[in-house]
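Trainee: Single-letter residue listing:
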Amino acid sequence: MRPDDERFIAEQFRTHGGAVYRRALRLLGNPEEAEEVLQDVFVKPSNNIGKLEEDTPVLNWLYRVTSNQCLDLLRQRKRRNELLEINFHPETQHDWVPEDALILQELLSRLKPEEAQAAIYAYCDGMAHHEIAEILGVSRRTVGNLLERVQQRAQKLVSATRLGTDEAKA
Amino acid sequence: MSTPHLSEFELDRLASGTEPTAAQREALESSPALRAQLEERRKGLNAFPELDEQRLLASIRRRAATEEPTVASVVRDVSLGWERLRFALLGAAATLAVSLILRSIPGPPPKPTPLANAPTEVPAAAPAVLALSDGSRVTSGRESRVEVERVSEKLVALQLRTGRASFDVAKKPDRDFQVRVENVVVHVVGTQFTVERSGEDAKVSVTEGRVRVEAPSGTQELGAGETNSFAFVRLDETERGNALEALDQQLSTEYAVADVEPAPGPKPPRKPPAKTNSWQKLAEAGEHDAAFEALQDQGSRVRNEVGELMLAADAARLSNHPREAAGYLERVVSEHARDPRAASAAFTLGGMLLRQLREPTKAARMFATARSLAPNGPLAGDALAREVQAWSTAGDKAKAGARAREYLRLYPNGARVKSVKRFGGLD
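Just so you know, the protein sequences line up as chains A and B, in that order. At position 148 of the first sequence (counting the first as 1) the number is 171 in my numbering, and the numbers step up by one without a gap. At position 415 of the second sequence (counting the first as 1) the number is 453 in my numbering, and the numbers step up by one without a gap.
Read the hints as simulated data drawn from the structure, not as lab findings. Owing to the predicted nature of the structure, the values given are computational and were not obtained by experimental measurement. No false leads were mixed into what you were given.
Sample of chain B residues facing chain A (criterion: CB under 10 angstroms; computed from the structure):
| # | residue |
| --- | --- |
| 1 | 51 |
| 2 | 91 |
| 3 | 95 |
Glycine included, each C-beta is placed from N, C-alpha and C at the ideal position.
In isolation and in its complexed conformation, chain B is listed as follows (with noise of 0.2 angstroms):
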């Protein structure tokens, strides 16, 4: 006789009340584990002590308050759907072109924002205060010009062209807020803070909260009372495009762009011709087979940063080129062994060293070189663990070993311990 069972579905569907079937309540009747389950989810969130059911009812309703559509709106008024929140984007959309276009036009008074570090040449006369849907506000001297260059529910990207900025964030940790001075990018989730674009610098104060800027220099990420000034390239025609493309890729929805608006004055140079197939795009949507053949129509338009490295080395694995996937895979190891990607990316390549390249030796090293990245990682014991498979693929018993023992010693209860006495001849 098979063990009674509920699926979670069912459990949550007679939890909320509804009668159960014959077969459910024979399950039930002959399961007092499934009664248990059944009592735990009647609990409703009372189940989970490190909830708070009242602090997040109460958050819910102020986020209601300013944002649609709601469990409420949508299950009343079946007819909304798409378009409402289609409505609502748009209506965030318009919001920031209106408020654009009225920039010179002097606004009612800022909200003060106090910077500790605060530069003094902040224009006396009335600053413009973009105000978005969403409560975040953007306010900016007479001689500053900050454009919007993508907005959606998930994104909002401004360019400060000129002058200073203060940002005065709404927290919203589904949203990437980006502040950008050429290829500086400033990340927000809710914070205050403010931009100053002065010759090749931009200079970024953070008063509440954190941001993380990523320049040529590096990614550092910057915490309330601290300043810092950013060297930037300015980009030309090509690299702004690309950064757009590269913005569009981050959006989920794509309506609220095209009703955007730049802001007056000289317009940003255009984005290129959409490549509705770029290689990226395929890529991020799962169709690595295309994606591959694109990337190769496309040449050498993988750019040398660690996230596009790794998409196109994901795009060359899985449509089965693991030859061109290394390549990919070697520059984030060699070029950019600070980053925190690199140890996985070392990880990755080992594996296809070992089992599509049949190339144990430098698989065993690569899977060293992955462990020595990340230490304290969690892919350091598997790491180890493989790397003990390769010196034994690889012929060298006394590596194999010597790596067996050594993971025995560290991981004595892990997951591979049987695979790694196997490999080091430690039966």
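One chain only, chain A, in its complex shape (with noise of 0.2 angstroms):
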């Protein structure tokens, strides 16, 4: 590594590190996956990401880098048990029922990469479209069509996964 590649890196870590570690302990629910992810993505960010083009801010394709990072997890986690070890783990309890949380974790590792990375931005983090189209480097209209998609895997995938609406109203 080269003495400016270090001082680069060392300026991206400080000024976005936070950024990207909350994102991925968010996603993931994992303080250590989180940590590792933080790292990779420093150390290794091409997996799956293609060029950064050089008008695109750091940030936008830091999130695009850690997104997909944690999605490659959360594939590899796909195994129902693994899922629930982690993130239900008495230390990283939370609010979600575990069958609820277990079914979001299933649709995100089962979607597409594009899809997962437009439902994480929209339905995770509440971005608009037009803030989702910016960092994916695509139109409003392909965002819209993209969630359109996930919205439908995630009704299949519930209506197949859920026992029923019934519970919610009781």
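Assembling the complex is the task here: the two chains are given apart, and the hints tell you how they should meet.
Mentor: Given below as structure tokens:
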């Protein structure tokens, strides 16, 4: 690694490391894995990402890299018991009902990469379509199409997985 | 008036120094909570006491010195992209291939790997050393043979054909490093260990760290200083082809594979013709309808292995074939009850029996099974709640009530209290 590489990494790490870690923690729910992703993002960010365009802000690009790394991990964790063990460990317990969280993570692990990214930005991050379009480097129309496909897949998964909505009304 | 809101992305962008837009400024001015969130983000990694910025940065520098590409290199040279990653991977593959070709030439003195339980028949002659680009080293005796089956950024799979080899594996959590002796598979994260093939046994001795060994007799973890022998069954050509195909599914990239030449000496049996649309690949890709169709075409190609049965169940379940899915899940529950995945299989099966197959009594029993398989597991509460619902649907009010009372006793603040009371008749 060249000295200017080192300086650049350190600078980007100090500026954006918090955002990367927070994002990974949010998506994975596991501090150890989030720390791994944080390191991987700054060491080896090319996996499935493609080129960083000259006019792309670094933060936008890091968002994509981080999301992709997390999605890779989620896909690797496809086995349901792994999802449960990791996400419902007592130390990382949160308010979600395990069954619901399982369905959501299963959905994310099954979506195509660009659909999963769009879903995360829209439903986890609450981004507007134009922001998602900016990060993904696609048109707003494409974002709309991606999210429509996500909803279709989600409905299919939920209807095949959940036991019905009656308990929600109870 | 709506509550001021800034997305995660907006907050991160502002925290990194981007000037706020008028709307963002207005949102920040009107919301102390948003200002607090922004301030928290401006602390960067210091907002997380569990992280040591200097330690992490040092680790990144160390790794960046050996791994390509880094943020810096990608940002500086935007034209490299995929080509660079591809080149790095091919480099790793080439290193392995060249090292294997050079096996007949005496190599440098191997790194000493003292083993508490080392066999005594290690050849005294200079052993061969494979140096992988990630820093891992494989040392084997002259009479031993190690073959590279697959290599990529995320997977290294080696086959010990004969003899004995020691492995010093660089820690790389996102890469699965496997040493295989027929159908005994040693999975490694980062450790030093030895595998010896002797007769019909694979003997595994661990010097440092831990390994997970998957063998026909079951899965076992071995820690530092531990040794065990695992009987293997010699794979026939078809089984070996299936094993290689399973490895291919694990590969996240395909291009590294094609460039790895097999080790000198007898060639391993060729992999059967690639099934570009095998049901497993389709299921992994979320194409469940096509996966199920392919699964039907391929008849009985689902191996009696929990991961594969679960995948087949998913393909059937998510393509709206609950009866077929139930069959796969039943096999997991009945034939692999000791596997940790059996409980979630039983839970999923209970749900299908209740909702899709309209067999509430069976569903109730299956939920009870799910709970009994993992009484302290994360789904135990949900399984009990579903059992209440299933008994209620089956018309057995007494059992529904009894299970409901049990739920309220065990989970007085559980998420399903309301529905449990209703289905249990305790309103």
